[in-house]
Amino acid sequence: MFNKVLLEKLRNCGKESGGCGYDDFLVFLQLVFEFIMSFGLILAAFGVVYIGYLFVTSKGNVGVVTHARNAFFALIIGMVLLFGSYYLVGTILLNLGVNPNIINDALTK
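Per the numbering used here: the sequence shown = residues 1 to 109.
It should be emphasised that the hints constitute simulated quantities derived from the structure, not laboratory data. Virtual Cβ for every residue (Gly too), placed ideally from N, Cα, C. Any given hint could turn out to be false.
[Said to hold, decoys possible] Listed next, with one range per pair, are the computed distances between beta-carbon atoms:
| id | residue 1 | residue 2 | range |
| --- | --- | --- | --- |
| 1 | G60 | F35 | 40 to 50 Å |
| 2 | I92 | Y50 | 30 to 40 Å |
| 3 | L29 | V64 | 36 to 46 Å |
| 4 | N61 | F25 | 45 to 55 Å |
Construct the entire structure; sequences and hints are all you get.
Shown next, in the form of structure tokens:
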């Protein structure tokens, strides 16, 4: 998930070359955001399994089917918000002039 070389560079950025810079801060933010995205995708996968379990075990019970359907729509809304925030933050950073390959650039320093 995380690049160990990059994390080590971030851990030592205050010790090397007089401190951490703006690029180091942006790399850190991107790593945190990628972690949140990964965690959200894992939660969504478990949510799909749980909702599928509810549908299969409902045995025609209208209350359980309604609960599973509502949970499914909540999961879809959550995923739309998660991916929407990812693209929104990426667009904002791109319009601010941030290099979209900042992690790759940080690894080559």
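Hint check results:
1. For G60 paired with F35, a C-beta distance near 41 Å keeps the hint of 40 to 50 Å intact.
2. In this structure the supplied range 30 to 40 Å holds for I92 paired with Y50, their Cβ-Cβ distance being about 33 Å.
3. At about 42 Å, the CB distance of L29 to V64 agrees with the hint of 36 to 46 Å.
4. At roughly 52 Å, the beta-carbon separation of N61 and F25 lies within the given 45 to 55 Å, and the hint holds.
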